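Chains as they are written, first to last, in my numbering: chain P, 1 to 416; chain H, 1 to 416; chain R, 1 to 130; chain W, 1 to 130.
I should point out that these hints are in silico values taken from the structure, not numbers from a laboratory.
Check each hint, because a few of them may be wrong.
The list that follows gives simulated cross-link-like pairs (lysine to aspartate or glutamate, DMTMM-like), each with its CA atoms no further than 20 Å apart [to be verified]:
id : chain 1 : residue 1 : chain 2 : residue 2
1  : P       : 415       : R       : 3
2  : P       : 409       : R       : 7
3  : P       : 415       : R       : 7
Taking CB as the label site, the calculated pair distances span [what the hints assert, rightly or not]:
id : chain 1 : residue 1 : chain 2 : residue 2 : range
4  : P       : 299       : R       : 30        : 36 to 42 Å
5  : H       : 28        : P       : 85        : 32 to 38 Å
6  : H       : 270       : R       : 51        : 31 to 37 Å
7  : P       : 246       : H       : 153       : 45 to 51 Å
8  : R       : 97        : H       : 268       : 51 to 57 Å
9  : H       : 382       : W       : 22        : 25 to 31 Å
10 : P       : 165       : W       : 85        : 34 to 40 Å
A few chain P residues facing chain H, derived, Cβ under 8 Å [said to hold, decoys possible]:
id : residue
11 : 38
12 : 102
13 : 257
14 : 269
15 : 273
16 : 283
17 : 287
Bear in mind that the values here come from a model prediction, so they are computed numbers and not experimental data.
Here a beta-carbon is modelled for each residue, glycine too, at the ideal position from N, C-alpha and C.
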Amino acid sequence: MTTLHLSERSAVEIRKDFPILARPTVRGKRLVYLDSAATSQKPNSVIDALDAYYREYNANIHRGVYEIAARATEAFENARARVARFIGCSPGELVWTRNATEAINLVAYSWGNANVGPGDAILLTEMEHHSNLVPWQLLANRTGATLRFIPIDERGELVLDGLDDLLDGCKLLAIAHVGNTLGTIAPLERIVPRARAAGALVLVDGAQAAPHLPVDVSALDCDFYAFSAHKMLGPTGIGALYAKRAILEAMPPFLSGGDMIRTVEYGRSTFNDPPWKFEAGTSNIAGAIGFGVAVDYLADVGLGWIREHEKRITGVALERLAALERTGLHVYGPKDPDRIGGVISFNLGDVHAHDVASILDTEGVCIRAGHHCTMPLMDKMGWHATARASFYLYNDEDDVEALVRALEKAARIFKL
Amino acid sequence: MTTLHLSERSAVEIRKDFPILARPTVRGKRLVYLDSAATSQKPNSVIDALDAYYREYNANIHRGVYEIAARATEAFENARARVARFIGCSPGELVWTRNATEAINLVAYSWGNANVGPGDAILLTEMEHHSNLVPWQLLANRTGATLRFIPIDERGELVLDGLDDLLDGCKLLAIAHVGNTLGTIAPLERIVPRARAAGALVLVDGAQAAPHLPVDVSALDCDFYAFSAHKMLGPTGIGALYAKRAILEAMPPFLSGGDMIRTVEYGRSTFNDPPWKFEAGTSNIAGAIGFGVAVDYLADVGLGWIREHEKRITGVALERLAALERTGLHVYGPKDPDRIGGVISFNLGDVHAHDVASILDTEGVCIRAGHHCTMPLMDKMGWHATARASFYLYNDEDDVEALVRALEKAARIFKL
Amino acid sequence: MDDFYRDYILDHYRNPRNFGHLEAPTVTAEDLNPLCGDRIRMELLVDADGTVKDVRFSGKGCAISQASASMLTENVRGKSLEAVAKLTKEAVLENVGIGISPTRMKCAMLGLRVLKSAAIGSLAAWPDEE
Amino acid sequence: MDDFYRDYILDHYRNPRNFGHLEAPTVTAEDLNPLCGDRIRMELLVDADGTVKDVRFSGKGCAISQASASMLTENVRGKSLEAVAKLTKEAVLENVGIGISPTRMKCAMLGLRVLKSAAIGSLAAWPDEE
Ligand SMILES: Cc1ncc(COP(=O)(O)O)c(C=O)c1O
Ligand SMILES: Cc1ncc(COP(=O)(O)O)c(C=O)c1O
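Same shape as in the complex, but just chain P:
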């Protein structure tokens, strides 16, 4: 049991870097944060980087000649290079956005309007987050394209049997790398080559993957990869879109204004090179710098370690929750830690997930409850709402124990 012991110690060490995890709740409980799939906590190094930017070298970028502007520009572009390296692309292929959602919208508007027409199909899966579904609904409305869906079975696994038929005539496959409600990891290594063979481009929604798994976009061979800083130790208000250089070059501009142009006349404009062509107006400079520090922290701990750690914690949690079955606790989705990100959805008897979450909150345990921005999946599965616990590098067995004890309390209150 050496590895177990080692990783245990490391999570405790890691926790010291996260100031919020050291603060007791209003009721004086230890904060047991099990909602990292919604947003992660931030280490001191990230918070300090934001602070340093505003206190020491806050200035607008790219155009300033003076010292602090030079320092800000360098830090901003350097962050881009680090985030790009983190997912295995070059800085010229990484566009800053507000979040994963905006990254997907950018593709739907810029690439979508230019390349998708009546009769074209876009293939999604039944487990997509609203952010990787609604933009394609609107694109379909604009262009007359149709949407198709890779089904998900009751166990929460993607059904790939009819994949080639589904891909026939598809312009794009847009798919979550890891589902946010059930944690299902999409077998991209089996799916992407078939999409390629069918001539479809591939957009991967990496919002739940980039924080938790080693990601290499060139190995994945996808055309687009969207992710958010706030779910991976970074600040709010910054995310990124990876796109293959040639595709970015060919894409028309989306948002326009300062900083993304090359020349402007009253009547017409020409545009800057990617990635700047897609970054209109003053960027979230502090946010980008913080994102760079966040991926440094993750790379330092090691994505391999993080993945193994989460698998272990998830395994323990699945085991401990199974023991609560007598109180009516029911876990959804694949029950194999190898096949899911550190995400577990469940319900406790006839107790509504919101009530579960409220009672857990009284014990300092933070989980999410509701439809998790996957309403169609919930409808399909026949669930009104689920409770969801999600794990990250700073969680450990103590957190699982706290979850279980709080669930026992909820069961007691509801007399289950």
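Given the coordinates of chain P, assemble chains H, R and W with the ligands onto it according to the supplied hints.
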């Protein structure tokens, strides 16, 4: 000279709240920051608010039931209410965006695509920032509409003689409240009623006004007002769009995904009420909270005081720069502090503005040089580039003196 | 919040009063809380004088929204539509008891919101007004 | 940065060498720095062997971009296109002297960028590579 003395003392007091202004430059000079039109510096209260969010109650908003999520949601919506009050609208009329640029793009895509067609005209002015020009060029390309321009004369004043003709057949007037290159204040009280009479909606680009003048959107009677936090003591990555409630209700969604929906099925969706309908994905939560604190700081000092203070500093600067005429210094734009925001564009003999800015930097004086994202204006005026100094509440006469002395050094180096 | 889940709340949650549908309702309204997906529908039978004769509610949601809606329906028979339209947040909170956290306030008020909009004929615009 | 503006730089800025246009250039290239608006155009007269016989530049910009372009043009006559294509950043910096701040480096390299792209026939893709 009592007022002079009073305001002088206050600027010195104010400066103490801005940590960056207390740090010497790499060369050991005092930082003389005269580039607030590009981005402003931030007071401790704003930086501390970001810090507190990340250290104490970082959580995703709206959907979380637990304590820190409740606190984050409340702080986020409370910030919206404060920023709304700051410009005189209700919180339901204020949409968070990344910056003024995105706010304008939101209108161009959502309102523009739905309401502008072939043969329609959009009226701009010749002094617009690229951010209030290029989005309308792209809209015109998409829809077959045409752009018209209110001319600017050599003194940098808008020419309103032909206004009613220009407005004839216009769907929208999009106009900067304060120009960023010459500081020209648009006489909106004379322009907006005529636009109304002609049946055009009015979008005001307030990026350079909201930080510096008392703004009341209901008194202005505009339909849209766009502005950025980072130019008004707030963080990067957050801005806002005001729009009249009825217009927001009628506008179709723009960016889509999590948080802006009401119901989602695989095939179709319905949308949340404004303002959330236009806020897709996880917002810049920390940014919005910081923006709220920034407007509190501004309101505390008082926009009336800030405007008077800037007028005075600008007047002093215009006087002192006039004395440099013998070295070939030439000031552009209206030379009346009453008619301009605290912005002065100039050139020094045959020295390129970038060289001026570089030499000023060696003295710790930060100014901007180039086209200031108003390329067409520069072309029209026949300027290749200008140097620009801009003032804010933390600047005082010492800063003007430092500017003048550094310009004298530049003149010496270039043997003018 | 744990104080909130008392026996009578659980009873209303598990055995909601006036749950179901009216055969021929005079007015109905329905709304959902987009944040959590909870839905409530209210059906009223109103006589010519504007007095509520009968009421049913239906929907799906948490103990807070269901119990508070259930309790609300116990108090409307015999009331005028005007009186229903004037029901306050405080009245609901009196019914359901103390200890509702701010995040859950919208759940507690969903039934009221729907009932009032049935009485008024339109939904309140800005949720903070409640 | 103030060390940078020496007499010979000012002289090249105010009296640029080889400024203007060739009657019949063999290759030309033009580029602008989108951040500051500086533009430079390079025109080369190349003989059948690929040797640069004559050169002119034109454009508008700061002392750094204009002087460094001017100095560059003094060094290309008689060179092969291949040699021009291989000119380095360091060579430019040797010409113009020390003290260029990072923000101004793009100004200093604009002439080189254009000259090399004339020689190679295409612009370098990612500016950081220079
Ligand atoms: C007049 C004007 N409009 C719009 C903008 C764009 O602001 P932002 O870059 O914050 O979107 C600016 C900023 O330079 C400006 O000065
Ligand atoms: C799978 C998935 N995609 C997209 C998103 C949207 O991320 P953001 O809100 O940061 O844009 C999320 C976040 O909840 C997610 O889990």
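Structure-based check of all given hints:
At most 20 Å may separate the alpha-carbon atoms for a hinted pair to count; residue 415 of chain P and residue 3 of chain R meet this at roughly 14 Å. Restraint check for residue 409 of chain P and residue 7 of chain R: the C-alpha separation of about 15 Å stays at or below 20 Å, so the hint holds. Among the hinted pairs, residue 415 of chain P with residue 7 of chain R is consistent with the structure: their alpha-carbon atoms are about 10 Å apart, no more than 20 Å. In this structure the hint that residue 299 of chain P and residue 30 of chain R lie 36 to 42 Å apart at CB is violated, the actual value being about 50 Å.
For the pair residue 28 of chain H and residue 85 of chain P, the beta carbons lie near 35 Å from each other, so the given range of 32 to 38 Å is met. A beta carbon spacing of about 34 Å between residue 270 of chain H and residue 51 of chain R agrees with the range 31 to 37 Å that was offered as a hint. A hinted range of 45 to 51 Å holds for the C-beta pair residue 246 of chain P and residue 153 of chain H, which are about 46 Å apart. For the pair residue 97 of chain R and residue 268 of chain H, the supplied restraint of 51 to 57 Å is violated, since their beta-carbon distance comes to about 40 Å.
Distance hint check: the CB atoms of residue 382 of chain H and residue 22 of chain W are about 27 Å apart, consistent with the given range 25 to 31 Å. Between residue 165 of chain P and residue 85 of chain W, the C-beta spacing of about 52 Å breaks the proposed range 34 to 40 Å. At its closest, the beta carbon of residue 38 of chain P sits 4 Å from a beta carbon of chain H; the interface hint therefore holds under the 8 Å criterion. About 6 Å separates the beta-carbon of residue 102 of chain P from the nearest beta-carbon of chain H, less than 8 Å, and the hint is met.
Because the beta carbon of residue 257 of chain P sits about 3 Å from the nearest beta carbon in chain H, less than 8 Å, this interface hint is met. The beta carbon of residue 269 of chain P is positioned within 8 Å of a beta carbon in chain H (closest approach about 5 Å), and the interface hint is therefore held. A least Cβ separation of about 16 Å between residue 273 of chain P and chain H goes past the 8 Å threshold, and the interface hint is therefore violated. Because the beta carbon of residue 283 of chain P sits about 7 Å from the nearest beta carbon in chain H, less than 8 Å, this interface hint is met.
Evaluation of the residue 287 of chain P hint against chain H yields a held restraint, the C-beta minimum of about 5 Å falling below 8 Å.
Of the numbered hints listed earlier, those contradicted by the structure are 4, 8, 10 and 15.
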